[in-house]
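**Q** Here are the chains, one letter per residue:
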Amino acid sequence: MEAHVGDRIIVRGHRVGEPPRDAEILEVRGADGGPPYLVRWAENGHESLFFPGSDAYIQHLGQDAA
Amino acid sequence: MQTIQRIHRSGVGVGPDRTIGEVARVMERSGIGLVAVVDGDDLVGVVTDRDLVRRGLARGLPIDSRVDAVMSSPVLTIDADVDIHEAYDVFSLHRVRRLAVVDHGRFLGILSLDDLLVDAASDLVALVSPLAAEIAAPHRDSRVPTATG
Numbered sequence: 570m571e572a573h574v575g576d577r578i579i580v581r582g583h584r585v586g587e588p589p590r591d592a593e594i595l596e597v598r599g600a601d602g603g604p605p606y607l608v609r610w611a612e613n614g615h616e617s618l619f620f621p622g623s624d625a626y627i628q629h630l631g632q633d634a635a
Numbered sequence: 003m004q005t006i007q008r009i010h011r012s013g014v015g016v017g018p019d020r021t022i023g024e025v026a027r028v029m030e031r032s033g034i035g036l037v038a039v040v041d042g043d044d045l046v047g048v049v050t051d052r053d054l055v056r057r058g059l060a061r062g063l064p065i066d067s068r069v070d071a072v073m074s075s076p077v078l079t080i081d082a083d084v085d086i087h088e089a090y091d092v093f094s095l096h097r098v099r100r101l102a103v104v105d106h107g108r109f110l111g112i113l114s115l116d117d118l119l120v121d122a123a124s125d126l127v128a129l130v131s132p133l134a135a136e137i138a139a140p141h142r143d144s145r146v147p148t149a150t151g
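As they're listed, the protein sequences go chains A and B. Quick note on my numbering: the first sequence kicks off at 570 and runs consecutively. Quick note on my numbering: the second sequence kicks off at 3 and runs consecutively.
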């Protein structure tokens, strides 16, 4: 996974009816755009260090939502 | 199959100076029961929802206590590139439900026993499917030739 500052992380819900969550990437802490990422969650503005699994994908800056 | 290929849920890390109240909110928002405690690149501990209850609430720790007061350390980990069957052995030996997956000491994510069971069930369904179809609608070769004359 490769990301840049300003890209968004989308994480699908794990329970029935749970909406996906998204966050803005504030810092890329890994090498070559890799994780972990310091992110700010859209729903509440909180920041956390994020280690993406297969439930997450990157939406690059300027890329339309799927 | 490598262990890293079975990580289905994204992991969340916090610094050791975050409060247990903040970590509880991270768990609630993320729908996860385990958060990694990281100091730079180093995985220094993990904290579960159960740790927050047993080592925090039950002992009367204030909600603004640092998370490193309740975390488990050192951490039971497994390397990302080992075969998944080694992970099965670790789960069995240590009787845990989640393992921290690392690459040369760097935290990558959480391997969950629940997710492995769902994977195994899915594999089982795929294996049973042709048998079930055969039982429901037995396949027969063309008519068996009969003797004449």
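Hints are computed from structural coordinates only; laboratory data are not their basis. Cβ atoms here follow ideal geometry from the backbone N, Cα and C, with glycine treated the same way. Among the hints, erroneous ones may be present.
Stretch by stretch, here's where chain B covers chain A in the computed footprint (C-beta under 8 Å, at least three residues) [stated by the list, open to error]:
# : segment
1 : 581 to 590
2 : 610 to 617
Among the chain B residues that face chain A by a calculated CB cut under 10 Å, a handful are [as the list claims (entries may be wrong)]:
# : residue
3 : ARG61
4 : GLY111
5 : ILE112
6 : LEU129
7 : LEU133
Derived DEER-like restraints, expressed as beta-carbon distance ranges [stated by the list, open to error]:
#  : chain 1 : residue 1 : chain 2 : residue 2 : range
8  : A       : ILE579    : B       : VAL98     : 24 to 34 Å
9  : A       : ILE579    : B       : PRO140    : 39 to 49 Å
10 : B       : GLY107    : A       : GLU596    : 31 to 41 Å
11 : A       : ALA600    : B       : PRO18     : 15 to 25 Å
12 : A       : LEU630    : B       : ALA138    : 16 to 26 Å
13 : B       : ASP44     : A       : ASP624    : 22 to 32 Å
14 : A       : GLN632    : B       : ASP91     : 37 to 47 Å
15 : B       : LEU126    : A       : SER623    : 27 to 37 Å
**Q** Compare the structure with each hint and give your call.
**A** Cross-check of the supplied hints:
A stretch counts as covered by a chain when three or more of its residues have a beta carbon under 8 Å from one of that chain; for the segment 581 to 590 of chain A and chain B the count is 5, and the coverage holds. Coverage of the segment 610 to 617 of chain A by chain B holds. Counting CB-CB distances below 8 Å, 5 residues qualify, and the rule asks for three or more. Residue-level restraint check for ARG61 of chain B is violated (minimum Cβ-Cβ distance to chain A is 25 Å; threshold 10 Å). A cut of 10 Å between beta carbons decides the hint on GLY111 of chain B: the least distance to chain A is about 5 Å, and the hint holds.
Contact between ILE112 of chain B and chain A, as hinted, is supported at the beta carbon level, the nearest pair being about 8 Å apart and thus within 10 Å. This hint is violated: LEU129 of chain B has a C-beta 22 Å from the nearest C-beta of chain A, more than the 10 Å allowed. The criterion of a C-beta within 10 Å of any C-beta in chain A is not met by LEU133 of chain B, whose closest approach is roughly 29 Å, and the hint is violated. Under the hint 24 to 34 Å, the C-beta atoms of ILE579 of chain A and VAL98 of chain B, about 30 Å apart, fit the expected range.
Between ILE579 of chain A and PRO140 of chain B the CB atoms are about 46 Å apart, so this pair conforms to the stated range of 39 to 49 Å. A C-beta distance of roughly 20 Å is found between GLY107 of chain B and GLU596 of chain A, which places it outside the suggested range of 31 to 41 Å. Checked against the given bound of 15 to 25 Å, the beta carbons of ALA600 of chain A and PRO18 of chain B, roughly 23 Å apart, stay inside it. Under the hint 16 to 26 Å, the C-beta atoms of LEU630 of chain A and ALA138 of chain B, about 51 Å apart, miss the expected range.
At about 25 Å, the beta-carbon gap between ASP44 of chain B and ASP624 of chain A stays in the expected band of 22 to 32 Å. The hint said 37 to 47 Å for the Cβ distance between GLN632 of chain A and ASP91 of chain B, and at roughly 42 Å that hint holds. In this structure the hint that LEU126 of chain B and SER623 of chain A lie 27 to 37 Å apart at CB is violated, the actual value being about 20 Å.
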